[in-house]
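Peer 1: Protein sequences appear in the order of chains A and B. Here this note's numbering is used: the first residue of the first sequence is 527, the next is one more, and so on. Here this note's numbering is used: the first residue of the second sequence is 71, the next is one more, and so on.
Worth flagging that the hints you see were computed from the coordinates, not collected in a lab. Note that beta-carbon positions come from the ideal geometry of N, C-alpha and C, so glycine has one too. Any given hint could turn out to be false.
Taking beta-carbon pairs under 8 Å as the criterion, some of the chain A residues facing chain B (in silico) [said to hold, decoys possible]: (1) Arg562; (2) Gly566; (3) Ala570; (4) Ala573; (5) Ser580; (6) Tyr581; (7) Ser582; (8) Ala584; (9) Val586; (10) Leu615; (11) Leu619; (12) Val689; (13) Pro693; (14) Ala760.
Derived DSS-like pairs (lysine-lysine); straight-line CA-CA distance at most 27 Å [stated by the list, open to error]: (15) Lys591(B) <-> Lys143(B); (16) Lys727(A) <-> Lys592(B); (17) Lys592(B) <-> Lys589(A); (18) Lys592(B) <-> Lys271(B).
Chain B regions said to be covered by chain A (calculated; three or more residues, Cβ under 8 Å) [as the list claims (entries may be wrong)]: (19) 303 to 317; (20) 517 to 525.
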Amino acid sequence: MASITTTASVDTAQVLLAGKQRPSPESLEYTARLRRARLGLIVAITAVVMIFVSYSSAYVVRKGLPSLDPRTGTLVHDWLPLQLPNFLLINTLVLLISTVTIELARRQSAREAAAAAGVSVPLSSPAHADGMPWLALTTILGVSFLAGQWLVWLELAASGFYVSTSPSSSFFYLLTGMHGIHLLGGILALLAAGAASLLRKSAESRAVMVDVTAWYWHFMTFLWVYILCFLEFAR
Amino acid sequence: MATGEFAARAVHAHAAPTSWIRKYVFSLDHKVIGIQYFFLALTAVFVGMFLSLLMRIHLIWPAASLPLLGDIKPETYLTLLTMHGTIMVFFVLTTAPQGGFGNYFLPIQIGAPDMAFPVLNMLSFWVTALAFFVMIAAFFVVGGAPLHGWTGYPPLSALPAAGPGEGLGADLWVISIALFCLGALMSALNFITTTLDMRAKGMTLMRMPLTCWAWFITAILGLLAFGVLLSAGILLLLDRNAGTSFFVPLVTINGQLTGHKGGSPLLWQHLFWFFGHPEVYIAILPAMGLCSQLLSVFSRKPIFGYKAMVYAMLSIGFLGFMVWGHHMFMSGMSPYTAFAFSVMTMAIGVPSAIKTFNWLGTIWRGRIRFTSPMLFALGFVSLFISGGISGPFLAQPVLDIQLHDTYFVVGHFHLIMGVASIFGIFAATYYWFPKMFGRMMNEGMARWHFFITLIGTYAIFMPMHYLGMAGHLRRYSQLTELNYLHGLVPLQQFMTYAAFVTIAGQFIFLFNLFWSMKFGKKAADNPWEATTLEWTTATPPPHDNFGGHIPVVYNGPYEYSVPGAPRDFIMQTDPATVKAH
Numbered sequence: 527m528a529s530i531t532t533t534a535s536v537d538t539a540q541v542l543l544a545g546k547q548r549p550s551p552e553s554l555e556y557t558a559r560l561r562r563a564r565l566g567l568i569v570a571i572t573a574v575v576m577i578f579v580s581y582s583s584a585y586v587v588r589k590g591l592p593s594l595d596p597r598t599g600t601l602v603h604d605w606l607p608l609q610l611p612n613f614l615l616i617n618t619l620v621l622l623i624s625t626v627t628i629e630l631a632r633r634q635s636a637r638e639a640a641a642a643a644g645v646s647v648p649l650s651s652p653a654h655a656d657g658m659p660w661l662a663l664t665t666i667l668g669v670s671f672l673a674g675q676w677l678v679w680l681e682l683a684a685s686g687f688y689v690s691t692s693p694s695s696s697f698f699y700l701l702t703g704m705h706g707i708h709l710l711g712g713i714l715a716l717l718a719a720g721a722a723s724l725l726r727k728s729a730e731s732r733a734v735m736v737d738v739t740a741w742y743w744h745f746m747t748f749l750w751v752y753i754l755c756f757l758e759f760a761r
Numbered sequence: 071m072a073t074g075e076f077a078a079r080a081v082h083a084h085a086a087p088t089s090w091i092r093k094y095v096f097s098l099d100h101k102v103i104g105i106q107y108f109f110l111a112l113t114a115v116f117v118g119m120f121l122s123l124l125m126r127i128h129l130i131w132p133a134a135s136l137p138l139l140g141d142i143k144p145e146t147y148l149t150l151l152t153m154h155g156t157i158m159v160f161f162v163l164t165t166a167p168q169g170g171f172g173n174y175f176l177p178i179q180i181g182a183p184d185m186a187f188p189v190l191n192m193l194s195f196w197v198t199a200l201a202f203f204v205m206i207a208a209f210f211v212v213g214g215a216p217l218h219g220w221t222g223y224p225p226l227s228a229l230p231a232a233g234p235g236e237g238l239g240a241d242l243w244v245i246s247i248a249l250f251c252l253g254a255l256m257s258a259l260n261f262i263t264t265t266l267d268m269r270a271k272g273m274t275l276m277r278m279p280l281t282c283w284a285w286f287i288t289a290i291l292g293l294l295a296f297g298v299l300l301s302a303g304i305l306l307l308l309d310r311n312a313g314t315s316f317f318v319p320l321v322t323i324n325g326q327l328t329g330h331k332g333g334s335p336l337l338w339q340h341l342f343w344f345f346g347h348p349e350v351y352i353a354i355l356p357a358m359g360l361c362s363q364l365l366s367v368f369s370r371k372p373i374f375g376y377k378a379m380v381y382a383m384l385s386i387g388f389l390g391f392m393v394w395g396h397h398m399f400m401s402g403m404s405p406y407t408a409f410a411f412s413v414m415t416m417a418i419g420v421p422s423a424i425k426t427f428n429w430l431g432t433i434w435r436g437r438i439r440f441t442s443p444m445l446f447a448l449g450f451v452s453l454f455i456s457g458g459i460s461g462p463f464l465a466q467p468v469l470d471i472q473l474h475d476t477y478f479v480v481g482h483f484h485l486i487m488g489v490a491s492i493f494g495i496f497a498a499t500y501y502w503f504p505k506m507f508g509r510m511m512n513e514g515m516a517r518w519h520f521f522i523t524l525i526g527t528y529a530i531f532m533p534m535h536y537l538g539m540a541g542h543l544r545r546y547s548q549l550t551e552l553n554y555l556h557g558l559v560p561l562q563q564f565m566t567y568a569a570f571v572t573i574a575g576q577f578i579f580l581f582n583l584f585w586s587m588k589f590g591k592k593a594a595d596n597p598w599e600a601t602t603l604e605w606t607t608a609t610p611p612p613h614d615n616f617g618g619h620i621p622v623v624y625n626g627p628y629e630y631s632v633p634g635a636p637r638d639f640i641m642q643t644d645p646a647t648v649k650a651h
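Produce the entire structure from the sequences given, and follow the hints as far as they go.
Peer 2: Right under this line is the structure:
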């Protein structure tokens with residue numbers, strides 16, 4: 527298995543980076559894969575940004591719109607300002623810690639991949655030196671964040687703010703929900719990276735997966751901080 | 071989004087599959103995926119065409135009862151036009167040029183073995199196919215397909231009680247659009263990464279064929295536009311099913327309050343048209359790129375103003391995001407805002423004129439070979455001019471007040487967005503069929519198809535401009551109470567008869583397509599004597615596109631009739647040739 531993978535990788539590298547003068551095929555392939563994956567991630571993040579840009583602009587527009595009161599026939603504002611649950615701060619803290627832990631995982635797996643790329647058979651490295659503990663911790667923190675968001679939703683519902691109560695609550699559920707769905711994608715990617723580790727994929731493969739997942743995760747953290755500030759200051 | 075997973079698998083050049091399922095159904099090969107997209111679009115275009123046929127029949131024989139379908143009621147007519155528009159815009163005009171031909175030829179033309187992320191590529195096709203099945207399913211649920219038009223304006227599209235088809239049918243419509251957006255976003259991701267990261271040695275950005283530039287810019291537009299439509303679709307689903315009021319104001323149906331209040335239908339229009347206007351360019355940019363290519367190949371001349379063509383496409387793409395408001399002049403928008411949108415819209419006339427000028431410059435004094443792809447490319451230029459010229463009319467708020475929602479608009483966008491893009495698809499089919507299927511298409515049938523389609527589509531859509539100027543509103547199944555429209559009935563009849571002939575002509579194309587796959591003349595590797603990379607490889611291309619070797623590019627894509635060269639064309643891979651400049 528190991529030898530087959532290595533041969534295929536060398537061929538791929540030659541095909542993909544024909545003509546570029548680099549020392550070893552393994553390191554050459556690793557950097558090429560990393561560059562491509564990061565480029566793809568930047569493009570994907572652009573798409574996610576567009577989604578949240580649309581929601582932010584819709585939020586601002588909808589907030590300024592009056593509604594007709596059928597009883598009095600006058601225009602009133604139906605936007606009820608939302609008191610954000612304090613529990614959100616704990617969730618934010620959890621996510622901020624997770625962005626540190628995944629960065630540690632990313633650096634560790636990158637170091638390992640760089641070392642492996644210098645060695646001829648990359649699969650010989652033991653599975654415990656690949657940042658797995660940090661990945662596992664990040665996964666736990668990510669799931670805790672989502673669980674915390676769920677508690678926030680329950681708290682909000684208990685205080686009478688449902689999805690359709692007021693446009694402010696609609697947007698609250700929408701923004702937190704969409705962020706949660708995207709973070710769930712990050713958690714799935716973490717699990718896939720963990721599975722790659724268990725399935726004994728090469729250190730480079732793991733490192734590429736962990737790298738893009740980590741950058742995606744940083745983006746998710748940044749996005750969450752943005753959403754929180756937006757919900758607080760554009761109340 | 072498990073980006074990491076796709077990314078990690080992506081760079082391994084996958085081995086040629088052996089099982090039938092991996093080879094033809096869940097294939098990772100961009101060429102197979104391109105053909106899958108092509109046949110999806112082919113299926114969709116015949117469904118969409120059939121719906122338009124029913125509309126044309128109903129317009130001149132309103133009382134006619136059709137076999138199997140029965141009477142066409144007014145609401146059925148609305149269903150027909152909704153599904154016709156949706157299927158044609160999304161599953162034909164967006165799917166075939168980009169997903170179909172782009173998928174097949176972008177990697178080959180830039181010298182790559184495959185797309186950057188093959189798994190993602192497969193996924194984007196199957197999500198798009200699923201979206202199509204969901205869309206078609208809307209015909210077969212209780213209440214039938216929706217009737218809110220392809221633009222899906224709320225409150226009509228947001229309230230299940232608003233009409234038949236606005237229940238489950240409309241939910242399926244929104245879900246289908248959302249799925250389509252996901253597929254289009256994944257596809258855009260792949261196109262952009264592939265173009266930026268997978269070009270062969272020597273294939274600089276400014277040596278890419280204009281087709282690749284067009285697919286690249288289209289992918290950027292798709293990336294920025296489809297996310298917005300997806301967001302809007304999710305809001306609409308919430309309004310429909312979760313009782314929110316993003317788009318729905320206080321409305322009553324039969325005196326009953328719906329429970330919604332305060333939402334803004336205009337908010338939907340802004341979000342929709344922020345996607346909807348770039349979507350026009352998503353449909354037509356690939357055709358522009360292709361026709362630039364074909365005019366050069368078949369005039370045996372370099373493209374006139376390559377850089378100007380690239381910058382014109384970039385500025386069309388950029389300006390395309392600034393003009394969505396021109397669809398909303400009638401919404402009560404401030405005249406100052408309307409003025410800004412109007413000026414921006416007319417500014418698009420400048421790059422469009424540059425392109426047209428360069429096309430004419432390219433064929434000027436060329437040794438033109440009137441092959442079937444060339445005919446369709448010339449037809450495209452003709453349609454682009456005649457359909458585009460009415461754009462500056464509609465871009466002026468004062469004229470738009472008269473022309474809005476009339477047949478003038480229908481004629482305008484069918485010529486420019488519909489038929490011109492379709493001509494691009496036809497040109498691409500005739501041009502690349504030899505490379506894709508290894509045989510030439512029948513030239514005689516292709517000529518019949520061309521002349522019937524060109525004359526037929528002009529005969530259908532030109533009179534619509536007159537109908538519109540006379541004040542005939544679109545989207546009405548019958549306007550029998552309006553006396554001033556009686557005089558226009560013969561024109562409507564003429565258009566329907568023209569539609570019969572044009573649709574009959576499309577079966578020539580369909581027959582030619584399948585007949586040539588089996589019985590066409592065997593194609594050489596470079597039957598058109600063109601210069602780009604797809605003509606350097608075998609016909610059809612091997613699994614890794616170039617059969618184990620990697621092309622190295624030395625020349626630009628349009629080296630035709632170079633003085634002093636041994637042949638009248640220099641392949642992009644020809645090293646050290648005598649160059650005139």
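Peer 1: If a hint holds in the structure, say so; if it does not, say that too.
Peer 2: Comparing the hints with the structure gives:
Annotation: Arg562(A) was flagged as interfacial toward chain B, and the flag holds, the nearest CB pair being 5 Å apart, inside 8 Å. For Gly566(A), the interface hint holds, since its Cβ comes within 8 Å of a Cβ in chain B; the closest pair sits about 5 Å apart. Taking 8 Å as the C-beta contact cut-off toward chain B, the hint placing Ala570(A) at the interface holds, the least distance being around 5 Å. For Ala573(A), the suggested interface contact is upheld, since its CB lies about 5 Å from the closest CB of chain B, less than 8 Å.
Proximity of Ser580(A) to chain B holds as hinted, the smallest CB-CB distance being about 4 Å (cut-off 8 Å). Of the supplied interface hints, the one on Tyr581(A) holds, with its beta-carbon coming within about 6 Å of a beta-carbon of chain B, less than 8 Å. About 10 Å separates the beta-carbon of Ser582(A) from the nearest beta-carbon of chain B, more than 8 Å, and the hint is not met. Because the beta carbon of Ala584(A) sits about 6 Å from the nearest beta carbon in chain B, less than 8 Å, this interface hint is met.
Annotation: interface hint on Val586(A) violated; nearest CB of chain B at approximately 10 Å, more than 8 Å. The interface hint given for Leu615(A) is violated, since its Cβ lies 27 Å from the closest Cβ of chain B, which is over the 8 Å cut-off. At a threshold of 8 Å, the smallest CB-CB gap from Leu619(A) to chain B is about 25 Å, leaving the interface hint violated. The beta carbon of Val689(A) comes within 5 Å of a beta carbon in chain B, closer than 8 Å, and the hint placing it at the interface holds.
For the restraint placing Pro693(A) at the interface with chain B, the shortest Cβ-Cβ distance is roughly 6 Å, inside the 8 Å limit, so the hint holds. Evaluation of the Ala760(A) hint against chain B yields a violated restraint, the C-beta minimum of about 16 Å exceeding 8 Å. Annotation: proposed proximity of Lys591(B) to Lys143(B) is violated, straight-line Cα distance about 48 Å (limit 27 Å). Taken as a hint, the Lys727(A) and Lys592(B) pair is broken in the structure, with Cα atoms around 45 Å apart against an allowance of 27 Å.
The hinted pair formed by Lys592(B) and Lys589(A) fails the criterion: a straight-line CA distance of about 65 Å is larger than 27 Å. For the hint pairing Lys592(B) with Lys271(B), the CA-to-CA distance comes to about 32 Å; that exceeds 27 Å, so the pair is violated. Three residues within the 8 Å Cβ limit are the bar, and the region 303 to 317 of chain B against chain A gives 8, so the coverage statement holds. Coverage of a stretch by a chain is defined here by at least three residues with a beta carbon nearer than 8 Å to that chain's beta carbons; for the region 517 to 525 of chain B and chain A the count is 0, and the condition is violated.
Of the numbered hints given earlier, the model fails hints 7, 9, 10, 11, 14, 15, 16, 17, 18, 20; all others are met.
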